[in-house]
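> Line by line, the protein sequences are chains A and B.
FYI, this note's numbering numbers position 85 of the first sequence as 85, with every residue one higher than the one before it.
In this note's numbering, each residue carries its 1-based index in the second sequence increased by 1000.
In short, the hints are calculated from the structure, not lab data.
Heads up, the beta-carbon is just placed ideally off N, CA and C, and yes, glycines get one too.
Be aware that one or more of the hints could be misleading.
What the hints assert, rightly or not - Per the computed footprint, the stretches of chain A lying under chain B, defined by three or more beta-carbons under 8 angstroms from a beta-carbon of chain B, are: (1) 105–114; (2) 134–147.
Said to hold, decoys possible - Selected chain B positions facing chain A (in silico; Cβ < 7 angstroms): (3) Trp1005; (4) Ala1008; (5) Arg1027; (6) Leu1100; (7) Arg1101.
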Amino acid sequence: MAVLIWGVTIVLLSFAVHVALWRMRLPRRQTRALLLIFSACLILSLWSLSIAQGWDGCPRWVPLPMGIAQYVHIAILVAALALAYVTTYSAVEVDSPSLLIVLAIARAGREGLEKARFEQQFSDDVLVRPRIRDLVRDGMVAVDHGRHSITQKGRRFVAIMIAYRTLLGAGKGG
Amino acid sequence: MASGWLHAMVPMFGLGANATVHVLMRRFAGAGMLRSLFVGFGAGLAVTAAGECCLDSLYPTTLAEMLGMAAANLLAAAALGYSYFHFVNLGETARRVRILRELREAGGELSERELLARYSARFIVQVRMERLLGNRQVVVRNGRYCIGRCAMLLSSRIIVAMKRLLLGRAGEATLFVDR
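Bound-form chain B, shown alone:
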């Protein structure tokens, strides 16, 4: 049935809308990366919901079937949008991507010492602290770093719980993390 194939494609249109809105907001509205990603994600879900409504009006079926299909497609669109967010975030924060870029820009080859001179732990921490301070996830009080907004801390604790469940340990580096 044609409706079956059309329903299957709806989350892909949602992902397309997500990426398109994100890119347009970045290039033409000058929006920040995070804001444009969230708006794009919302647009993706909206297009998915609209697509489902259109198909349900063209090919009506039982209420349970319509709700089930809408839930499946919104779930798929949200998962694809989440993955897109992380794809974009890879370019923004991934150390492996940055290391590859440094090698490429250096003509393809560097010694470890040369690589660390271009991209070091000090730089990594500095960039992330700026981001955390900018988003107020971390604040400075009396010259000391303190937790501000708790979203990042909550995410970090969930990740540590998953590490303990799946890997049997809190992380690669035990500093400050093992209790």
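Excised from the complex, chain A in its bound form:
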């Protein structure tokens, strides 16, 4: 029970810290900041639990982890939940084209949205150029005299994606 209770508590604590920090100031690299928050909360919490275990005054009803294996187990649970949240957050940080499309159609109500009007609204400025800027910010693309070139970091990342797509027998995507 200690694994479940402390795993969920640490994730909720991390989320609270995340919301509080975001209210104060939005980090430039949001995903990296999120990973740092989850890691810091995990490390501090596990350290606190290890201290509580050696403390005679700790109430008996507090379920403490039994042995290193349970500390590792808590870390695995927190890492899994953190990873799930960070992948969801990417849809919060960046507008998904499918989300924009569906919301545009929903906003038009029961009558629906004319195809012609619909097709005018989604431009390269909305859907493509921001993603190119993200790649430059993250060091995966470099810009020099108007030429965009893929960096080593970008090559490594896309190589993993291509390899897995090949394994799945899938095409380019996008």
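Guided by the hints, dock chain B onto chain A, whose structure is given.
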């Protein structure tokens, strides 16, 4: 205790089963991407549950402890499966991945104009509309696009609510989204 380490590893076996079943279904059963992902996810949870049952029979403990451990591991396996789904989806739909692929295939370098000629907003919208129409999330009535099944709309509204909570705005692009 050995049981502690074994319990800790169970969600990883679940993730392994998830990915293995997904890949096998794609390569040998010719299943569609979405269907094979869902089946793989189910297999991951099933392996996790089976692993927990085996360990509980080998190392019995109190009912509360067994239920707590099973809940923790099923939660971890579900979270890992969800993340795996999104990893695969990155290759399927992520614009940044496609942009990197276009640059790589062009020998590593393109001007912005050349890049947009290969991968543009028009193409992005076309592909997504085909997907939304294929899944009946969007339907065509009297030549106009209308909402069909509501799963995508519900997900979109949840994401917008999270954007308002965390970012104080509905999105990067305000068109059609700000109310």
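> Holds or violated: is the Cβ of B/Leu1100 closer than 7 angstroms to a Cβ in chain A?
4 angstroms, holds
> Would you check chain B against the stretch 105–114 of chain A, counting CB to CB pairs closer than 8 angstroms, and say if three or more residues qualify?
The restraint on the stretch 105–114 of chain A holds, since 9 of its residues have a Cβ under 8 angstroms from chain B and three suffice.
> Regarding the hint that B/Arg1101 lies at the interface with chain A, is the smallest CB-CB distance below 7 angstroms?
Holds: closest Cβ of chain A sits about 6 angstroms from B/Arg1101, inside 7 angstroms.
> Hint check: is the beta carbon of B/Arg1027 less than 7 angstroms from a beta carbon of chain A?
6 angstroms, holds
> Counting residues of the stretch 134–147 of chain A with a beta carbon closer than 8 angstroms to any beta carbon of chain B, are there 3 or more?
holds (count 6)
> Quick check on the hint: B/Ala1008 CB to chain A CB, less than 7 angstroms?
Since the shortest Cβ distance to chain A is 4 angstroms, the answer is holds.
> Should the hint that B/Trp1005 touches chain A count as held when the rule is a Cβ pair under 7 angstroms?
Nearest chain A Cβ about 5 angstroms off; hint holds.
Checked against the numbered hints above, the structure violates none of them.
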